[in-house]
Amino acid sequence: MKKLICILFSLLFSISNAKTIQVGSNLSVKKIKKALQLAVDGDTIVVNSGVYKEGNIIINKKIIFLGKGFPILDGQRKFEVVSINADNVVIKGFKIINSGYASLDDPCGIKVYDRTFVKIENNILDNNFFGIYLQNSRNCLIKNNKITAYGKQEQLIGNGIHCWKSDNLQIIANKISGHRDGIYFEFVTQSIIWRNISNKNIRYGLHFMFSNDDAYITNVFKNNGAGVAVMFTKNVKMYNNYFEENWGDAAYGLLLKEIADSYIFNNKFARNTSGIYMEGTSRIKVEKNVFESNGWGMKIQASCMENEIVNNNYRKNTFDISTNGSLVLNTFNSNYWDKYEGYDLDKNGVGDVPYHPLSLFAVLTEKTPSAMLLYRSFMITLLDKSEKVLPSITPDNFIDKTPLMKSLPL
Amino acid sequence: MWFKNKIYKSILLLFSFFALVSCNSNESKPIKLNSDSCDFCKMTIANGKFGAELITQKGRYYKFDDVACMIQFDKTSEVPSKVFFVNDYFKENELVAAEKSFFLKGGTINSPMRGNFAAFSSDKEQKEFQTKLNAEPMTWQQVYDSYK
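Keeping their order, the protein sequence lines are chains A and B.
Counted from 1, the first sequence has number 296 at position 296 by my numbering; the numbering is strictly sequential.
For any residue, its number in my numbering is found by taking its place in the second sequence, counting from 1, and adding 1000.
For the record, the hints were derived by calculation from the structure and aren't laboratory data.
Ideal placement from N, C-alpha and C gives every residue a C-beta, glycine not left out.
One should not assume that every hint holds.
What the hints assert, rightly or not - Chain B is faced by these chain A residues, among others (derived, beta-carbon under 7 angstroms):
1) Gln153
2) Gly178
3) Lys200
4) Ile202
5) Lys222
6) Pro369
Isolated chain A (complex conformation):
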């Protein structure tokens, strides 16, 4: 007992020992850099509102760095604004603007160098080259930040949240727009991306490269240049996301390339050129998703195998499925297709004749894209109907044997 009290006391002592340094234009400490010099591990620096143009602010002590009334840290387009070089740093409530631009060392709003347990919360980042950059970091939290840039086509711009060689990250409730990729993961494992909104980015809303064992849940990806790309990874979980309005020649709601053992559950793909584009993917389960008003619901290239497409709703898509080969190594079961014209005599909710989701015309346009001109012409409709009865060009085992009569309540 005595020991415990002793420990408690020493704890209390160490806490009360930490001091708070106030920074402001009418206070004794006027510069953030000065405050950083005065601080020791465990201290708190409170920066009062105002504009601070102090070049590159390097935090190399374990401190809590708070902004009061969103003080502006201006990088004047020359510097990396905040560099974090210590573990356990908390940075909260700043407005960080105008980082350096387009130089070879990728200047950022906030960059974390090889650190653990850093928290970046409630900041506004505006007009930076890269927004938040985590390099070689673990157990970090990026929460509630608003990250905006104004990238245009034909122009070099960095990513909103860029994570490289990191582990155990939490990216929660951020709003990102106008960057190259909203969120970029490269060699990042065991991490979660939850409740973010990534809109109007130049390239991808979210981009995974070589990042295994991650999950992204309940995010909105809307109006990005080319949607979301998950590439060269395995074991990624994608739940409850919205993929909307990604239009363009090479734009997809979700681009999957060289990915294995993943699970796509309860997402909504609406108004994209292609809902999902799959190439070289294997052992993926696509379950209970909604594909609505897309040009193509899913484009499955012949290099995909052992994927299971179960219990999805396909509605109002120009083409539900398209493929470029004749080999079918994927299974379709119990989906709802609004183009299904079969019947259900035994009234068990499952159509009595199998459905061929692959239309003749989808195959034709895959081979010669310009054939699209003839879409909805009389001849094509005729051909499509005859193909449904007697498949000759489309692979005849490309079928859903148990198509649902009613759409699933998703």
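Following the hints, position chain B against chain A.
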């Protein structure tokens, strides 16, 4: 009659001229950043320092976001390539002939598809960046041969 003949002739000449011009181009076409996508990995090309382009013997253009993508595309493609272009690392999205370029690999170079090649139009720049980027110098032939 004579003038009709002349018109025919001039039209014929004009068309043959067009045909000649369109067939024989060895010029690069500029890459449109954030709009063109890589013909090998499907990614949108966003970085004008690592892009690449090739022209096949049939005269088709293919664009890539990384030199590694271009070489892998070339090695798996049935139509042989005629010319290769790469982005000059020192400039912004300028294509130069690959065989006239000087390459660096590795070090701190981070290319979109981890080919990690940087190309330079002169050996002076190559030497300058070699120490800066802690990378290894290579010729185009060595770069090309590093993929099977």
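Right, here's what the structure says about each hint:
Restraint check, Gln153(A) versus chain B: the minimum CB separation of about 5 angstroms is within 7 angstroms; hint holds. Against a cut-off of 7 angstroms between C-beta atoms, the interface hint on Gly178(A) is violated, since the closest Cβ of chain B lies about 12 angstroms away. Because the smallest distance between the Cβ of Lys200(A) and any Cβ of chain B comes to about 12 angstroms, over 7 angstroms, the interface hint for this residue is violated. About 5 angstroms separates the beta-carbon of Ile202(A) from the nearest beta-carbon of chain B, less than 7 angstroms, and the hint is met.
The beta carbon of Lys222(A) is not positioned within 7 angstroms of any beta carbon in chain B (closest approach about 17 angstroms), and the interface hint is therefore violated. Taking 7 angstroms as the C-beta cut-off, the interface hint given for Pro369(A) is violated, the closest approach to chain B being about 15 angstroms.
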